[in-house]
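Participant: With our numbering applied, the sequence shown covers 1 to 65.
No lab work stands behind these hints: they were computed from the structure. All values derive from a computational prediction rather than experimental measurement. Where a beta carbon is used, it is the ideal one built from N, C-alpha and C, also for glycine. Some hints could be false.
Straight-line Cα separation of at most 25 Å, DSS-like style, residue types lysine-lysine; simulated pairs [as the list claims (entries may be wrong)]:
| no. | residue 1 | residue 2 |
| --- | --- | --- |
| 1 | K10 | K47 |
| 2 | K47 | K6 |
| 3 | K63 | K10 |
| 4 | K19 | K37 |
| 5 | K47 | K37 |
| 6 | K19 | K63 |
| 7 | K63 | K37 |
Computed spacing ranges between beta-carbons, pair by pair [as the list claims (entries may be wrong)]:
| no. | residue 1 | residue 2 | range |
| --- | --- | --- | --- |
| 8 | T4 | H65 | 14 to 22 Å |
| 9 | L2 | K37 | 22 to 30 Å |
| 10 | H65 | E41 | 36 to 44 Å |
| 11 | K6 | K47 | 32 to 40 Å |
| 12 | I64 | E9 | 18 to 26 Å |
| 13 | E15 | K37 | 16 to 24 Å |
| 14 | Y48 | L2 | 32 to 40 Å |
| 15 | G43 | E21 | 38 to 46 Å |
| 16 | K19 | E41 | 33 to 41 Å |
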Amino acid sequence: MLETIKAFEKASGREIPYKIEAARDGDIAEMYACSDKAREELGWTAKYGIEDICRSAWNWHNKIH
C-alpha cells in the first residue's frame, strides 16, 4: 500500500497524509503480488508500472473534475 501512496504523491506533486495503525482482527499479515504465473501460463506481461498507472489515474481524475 505504501508503494501506491508514494506513486500517487509523485503523480500529484502532493503529500498524502496516512496513518499506520495496528492490524484488525482478520487482517492478513502480508500481501504480495507477482505476475509470474500470468506470464508463464497466459503469456501476459505488464505494460505499465505502478508509477505510470497512478499518473494516468491522477490525470484522468483531474480531467473529469
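Participant: Would you mind marking each hint as holding or not holding in the structure?
Facilitator: Hint-by-hint comparison with the structure:
Using a Cα cut-off of 25 Å, the hinted pair K10 and K47 holds, with the two alpha carbons roughly 19 Å apart. For the given pair, K47 sits about 20 Å from K6 by alpha-carbon distance, which is consistent with the 25 Å threshold. For the proposed pair K63 and K10, the alpha carbon gap of about 18 Å is at most 25 Å, so the pair holds. Between K19 and K37 the CA atoms are separated by roughly 33 Å; this puts the pair beyond 25 Å, and the hint is violated.
Simply put, K47 and K37 have alpha-carbon atoms about 16 Å apart, close enough for the 25 Å limit, and the pair holds. Simply put, K19 and K63 have alpha-carbon atoms about 29 Å apart, too far for the 25 Å limit, and the pair is violated. Between the alpha carbons of K63 and K37 the distance comes to roughly 35 Å, so the proposed pair goes past 25 Å and is violated. The given range of 14 to 22 Å is respected by T4 and H65, whose C-beta atoms sit roughly 20 Å from each other.
The beta-carbon spacing between L2 and K37, approximately 24 Å, falls within the hinted interval of 22 to 30 Å. For H65 paired with E41, a C-beta distance near 39 Å keeps the hint of 36 to 44 Å intact. Checked against the hint of 32 to 40 Å, the pair K6 and K47 fails, with Cβ atoms roughly 21 Å apart. Checked against the hint of 18 to 26 Å, the C-beta distance between I64 and E9 comes to roughly 21 Å, which is consistent with it.
A beta carbon spacing of about 36 Å between E15 and K37 contradicts the range 16 to 24 Å that was offered as a hint. Between Y48 and L2 the beta carbon distance is about 19 Å. The supplied range of 32 to 40 Å is therefore violated. Taking 38 to 46 Å as the suggested C-beta distance range, the pair G43 and E21 conforms, at roughly 41 Å. Roughly 39 Å separates the CB atoms of K19 and E41, a value that falls within the hinted 33 to 41 Å.
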